[in-house]
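Chemist: Starting from the known structure of chain A, fit chain B onto it as the hints suggest.
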Amino acid sequence: MIDPFHRQTRRHFFEKCGVGLGSIALGDLLAKERSDNPMALRRGHHPAKAKNVIYMFMAGGPSHLELFESKPKLNEFHGQLPPDSLVEGKRFAFLGEGAKLLGSERKFAKYGESQMVLSELLPHHRKIVDEVCWLRGMKTDVFNHGPAKLFMNTGFQVPGRPSMGSWVTYGIGSESRDLPGFVVLQSGPRGPRAGNALWSAGFLPSSYQGVPFRGSGDPILNLNNPTGITPGRQRDFVDVVGSLNRERLDVTGDPEISTRISAYEMAYRMQSSAPELMDFSGESQATLDLYGAEPGGNSYANNCLLARRLVERGVRFVQLYHTDWDHHGGPGQTLGKDLEKVTKEVDQASAALVIDLKQRGLLDDTIVVWGGEFGRTPMGETRNNKVGGRDHHIDAFTMWVAGGGFQPGMKYGKTDDFGYEVVDEAIHVHDLHATLLHQLGFDHERLVHRFQGRDFRLTDVHGHVVKDILV
Amino acid sequence: MSVVRADCGSDSLTRDPVIGRAPSNPYSPPMAKGSAWATALLISAGLLSAEDTVDFNRDIRPILSDKCFQCHGPDEETLKADLRLDLRDSALGTKAIVPGKSNESLLVERITSDDPDEMMPPPKIKKPVTTEEAALLAKWIDQGANYADHWSFEPLKTDGEKNSIDEFIVAELEKHGLALSPEADPGTLARRLFLDLTGLLPPPNRVDSFLREYETSPDGAVAALVDELLESPHYGERWGRHWLDQARYADSNGYTIDGERVMWPYRDWVIRAVNDNMPFDQFTIEQIAGDLLPDPDKAQLVATGFHRNTLINQEGGTDDEQFRNEEVVDRVNTTGAVWLGLTLGCAQCHTHKFDPITHREYFEMFAFFNSGTDVNNTGATVEVGEGELFLDSPDPKKVSALEAAKKTLAKVTSEKGKRQAEWEKTMTQPVDEAAPAKWIRATPETFKAEGGAPLQLLDDLSLLAGTGAPNETYRIQLPPSENPVAALRLKLLTHESLPQNGPGLAGNGNIVLTSVEFFANGKPITVAQAEHDHAQPNYSSAFTIDGNPDTGWAINVGKGSAPGAKMNAEHEVAYTLAKPLSPGTAIEVVMRHEKNANYNTGRFAWETSATAPPPVAKRKLFTIAKRPTEERSEEDRKFLEAEFAKVDVEQRKAQNEVEAARKELGIGKAVKTMVMRDLPEPRDTFIHLRGDFLRHDEETGALHPGVPAVLPAMEKKPEERDRLDLARWLVRPDHPLTPRVTVNRVWMRYFGKGLVETENDFGTQGAFPTHPELLDWLALTFVDNGWSMKELHRLIANSKTYRQSSNAVPEAAKVDPLNKLLARQNRIRVEAEIVRDAALSASGLLHPGIGGPGVMPPQPEGVYAFTQRKVNWVAADGPDRFHRALYTKFYRSAPYPLLTTFDSPDFQSVCTGRVRSNTPLQSLTLANDEAMFEIAKGLGARTMREVEGSDTDRIRHAFSLCYSRIPSPQELDAVAVFQQKQAQSFSNDKAAADSVAPEEFPDSFTLAEAASWSAVARALLNTDEFITRE
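From first to last, the protein sequence lines stand for chains A and B.
Heads up: the first sequence is residues 1 to 471, going by the working numbering.
Heads up: the second sequence is residues 1 to 1030, going by the working numbering.
If we strip away everything but chain A, and leave its shape as in the complex, we get (with noise of 0.2 Å):
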């Protein structure tokens, strides 16, 4: 039988034009009559280092103070005020003049070949200290959550632009045909502030947005069918509709229908697939005890699980949120159990996502990318009338990435006694993202969208593709 989602159509792909890569000319459209799918295979710019991308995000502003840089300096001169160097002309979210800087609390030690600095509160990161590229530069521009998370999905701060998984499966489309190309999956006690603005599709068509999936039972909303509904009557549902869609097709002549009637069959696909998905029972023991991850639960641990699972099944781009980050010292955010509760629900999953992806030969082929929205400053932030956290920071913090052709073990970005400015190696957001899409197969400043009389792109003017922190 012919793949029903896979028949073209004439008019889809002369409609589609406005969706191709660039501005696509009539005969190359001829030629590519066959790809009318939103999600069909497209190549790139230039040959890809990476088909996929796992990208964890660490929703709040993990400091990078608590975690990846150990500053003697700011012990030493902990309670005193930073140089007014630092400082002059600064916006803070919360802290007024005066604030004085926090040493940390956290004992380092440097790990494996690279000698990378880790905190206490990570010990299973210390089993991938060599195959992850350590970024220690990381810069951003926006110091609110909402605007700065907007910013590293989508690099721009107001809502209404297209997020990385977005820009990413419109250029090259996904390899899963039953499930959706871009995922995204959640933990924490809440969701993400910005909410669905982070995985939209922005001006791009809404087939590229994220589609976010619930880390335990039903997936995707409307997955089942109504009470009384078997698989069978749901069989004889789609046969039917599909028996008066093709009717009106003769009559019509409308190719819009034959979509119409593939995606009722990609849909009830998926109502089998998505439950497949979700079932953990043929995974060992061992793989469970390497995530952590409990069949069933809805945590970070399982949602790391999900995301090799979703890697495997061809799907392009899988988000992972893990909110709760936001330790500012009040209740619920300090630095010191607050901050242990969030790391150790991450720090061993995270770690394992990195070793399972690569015996199973799949880092080769896959970015893995772990950080938040922005770090915390050096000096602290007094809430109930003690200093116990610390506030958004946007000059310098750490994230990491692995696999999908990043140097194993490389640090890169140095930061200065304080951990406050960026003073080597800096990477700004749209650098990353300019790197990201590099090594996906784009040119960031050719995968445009032509949207209210410009060309747009996930880099605005800006970006440079950091060659550096490439194999």
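Note that these hints are calculated values from the structure, not bench results.
Treat the hints with care, as some may be off.
Using 30 Å as the maximum straight-line C-alpha spacing, the simulated DSSO-like pairs for lysine-lysine come out as follows [as the list claims (entries may be wrong)]:
(1) A:K467 x B:K397
(2) B:K411 x A:K467
(3) A:K51 x B:K126
(4) A:K344 x B:K653
(5) B:K814 x B:K790
(6) B:K127 x A:K467
(7) A:K49 x B:K411
(8) A:K341 x A:K51
(9) B:K448 x B:K425
(10) B:K127 x A:K49
(11) A:K51 x B:K411
(12) A:K337 x B:K870
(13) A:K341 x B:K411
(14) A:K49 x B:K126
Modeler: Chain B in isolation, oriented as in the chain A frame:
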């Protein structure tokens, strides 16, 4: 899965062989070289024959704009080599262009060079000129290199020869050897008109009458139906919704906190204005600057909500000034997009690269909007009652009665302090150490519910109610008491048979008890006070004895409830009588539930006491009242105020009178909706360097409000201009953009795309109109008709062009694959809201009421697994459950899933035209969504209810309800076989049949048959045809 580009973000660059040319192709091979290249290319391009004249606006400007203007265009900052290719003098002066001599023109030399240092555009720009484009440019130069001003900035013009839509369309079709398609089937036509004009499906009997009229006079039948639909109140909902997209209307503030906001009065204003056919110029002025009109009325203030639909960032630690600037930027950009069809936003950071709009001009527009009193907050509001905006010439007597009642209320309110002080004095008596009440549960002698709800006496003497009328009244006769009765107590009790265990019968276990009355021998007993253990905010037990059926006692937990308060638990109210009753009095209790449907009490008991209960709150009250004013804490103050409010009869009476007067007028509950208001002194506006609001261009200094120089000049002096001047300027009759942009968008709704395909970009980067003369003729006619929208609709909807069949025409597709010439209508998948509305109207479940606060239909579980904000989404019971989708509450961070699945935007910013996609998630939604399935059951029930005949007749009826046509034999057969198979399958599966069958259906059907008709209905609602306007 596919994507059909409509608009929002489409800007499809595709040009087809008929109109316009394909723009550059980044993948096309490098340009051929050699001296004879131009000739060769002219032949190979094949798009242009030798005698064709190159049109600057159609053929040349798009190339120059796309490839050259970035460095050789209006932006002085990025200008290279002092060459501006947008100005003919500059181009000629530098010999870039030598008219008539392409081989001497430097432009041609440079764009055809393969020397990386010479070639233009430079390789790093990554926008190579294609061979076809080079050929066009050369030919244009050889023909004299004539420039023309950009078409959309030129005045509207018409040659006066053609005088109908069809003449323009047919003339263009004939040029290409094509003709209009035959008219659509009358049934299809009726369905098309209903969907386009009202967004609902036609009732079958209206289709029948239309078919009869059509037989005698097709034109007359169409004209009559168009007129009828334009007078339908649903027309305002349908076309108001299109406008609300542009207004980025939503019911929440956006960003991360996304708190709820009250803007629905603005939505109602739009519906009303559209239904009233408010001329578009006035419609514009009231929304942009209604507050600045002389003596504006309330509706004109509400209209300014248009620009209050901007986002508000409530996140902690935000700089309000930053987000105020974002709001102003959004107001400028939205105004540019909606009225001018221009991308003003491009000039926010620098002078526009392509269009003649400078950085400075952007901020001159900004200055019009820079003086709002709102600073990333609610700002100015105006009070509006439900339904108020729909009032037609209200009775002046009733209006003045309301005014008088309001005046009294204001007076009473202003004297509250005085009254309270007096009252406080009386509260300083020593605490009354009355003996504690001893409650004895009474055995009801008789009890009944007037609406028929079953009442069952349980062992503990409590009564358990079942479902009866939505608004039940219970009557309970208590036996003559042995002791005197000083107080009665109502106990609410939980029970496992009740929703959420009760104690109420509402879906969440709540009640709204509006009145409790006691009678002795038929005479009312006066109650001194009611005291509860817990009440929902604004639902005090005191409301059960105030005689007002619109207020009552409820027990949900909300802001201000005591910590740990629970709804689904035991609660009580003690009623202290004014005078104790002597022993032996038999008391009748009447409990009324007059406000909310189905909020009846579930399980309860009555108790009596010979002594009045000790005043729970009074000890505290006396202590605090004794405290000197200056020693009272904020909490004390609030407590006293709340206590006084309970006994402040005067205040309540005045309030009730206002409510009563409102009700007389047909106005419901009042809310405060956000409106525009300006500061008395305008803020200074500076250019923001690189668009950064912190970097003012002090050198240029403060700017006066102004409009781009390329557009008609404003008459008023710069220092005197305000928003009202801008509003009036936008709708000047000689404005080149507003009428064109507006008629183009209306056209787009009827044909799936505009005459200018880039409906949001009428600038130089936008598409050239497919029918420029028609566009101008429509725009001029629109203005001449007094900006009447309904006249515009009549023009389009009565045209042969609109009335054509949408079936494919293979011959025409060869010449015009994108159907730009309109040799047929287009089949258009309806918008998200209409998917639901069409289903509601087919099923007969639709609640046809117009306007009012947002509603919550059922939505799937798990929506909030991914949102920062969790909305307390309680699916509505009653009519609100089946209200049209434009009334569904819209939270920007967590929109109603059906809407976004069908491409509703998230209203973060202006949307002038939506995308249309076709995805499996849509299939899952239509097939499985709880709300859709409920509607399918409704349609199944309707099919059974309305047809007594055969199964075949029922299928025919269902087809006419859904598609306004009869089924083909093949369709009939397919559905009949399906229905029989389903009935068979359900007959062996009673549980499944029970879940699938409608709740109510005629006795003549078995349960399995009923389930099979739900299944048929579900199938018919899931076809492509159902959600398509053919």
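Chemist: Hint by hint, say whether it matches the structure.
Modeler: The hints, checked one at a time:
1. A:K467 x B:K397: violated (79 Å)
2. B:K411 x A:K467: Outside the cut-off at roughly 75 Å; violated.
3. A:K51 x B:K126: holds (25 Å)
4. A:K344 x B:K653: Violated. K344 of chain A to K653 of chain B sits at ~60 Å, over the 30 Å cutoff.
5. B:K814 x B:K790: violated (36 Å)
6. B:K127 x A:K467: holds (24 Å)
7. A:K49 x B:K411: violated (76 Å)
8. A:K341 x A:K51: violated (33 Å)
9. B:K448 x B:K425: violated (45 Å)
10. B:K127 x A:K49: holds (25 Å)
11. A:K51 x B:K411: Violated, at roughly 73 Å.
12. A:K337 x B:K870: holds (26 Å)
13. A:K341 x B:K411: With a Cα-Cα distance of about 58 Å, the restraint between K341 of chain A and K411 of chain B is violated, given a limit of 30 Å.
14. A:K49 x B:K126: holds (22 Å)
In summary, the numbered hints that this structure violates are 1, 2, 4, 5, 7, 8, 9, 11 and 13.
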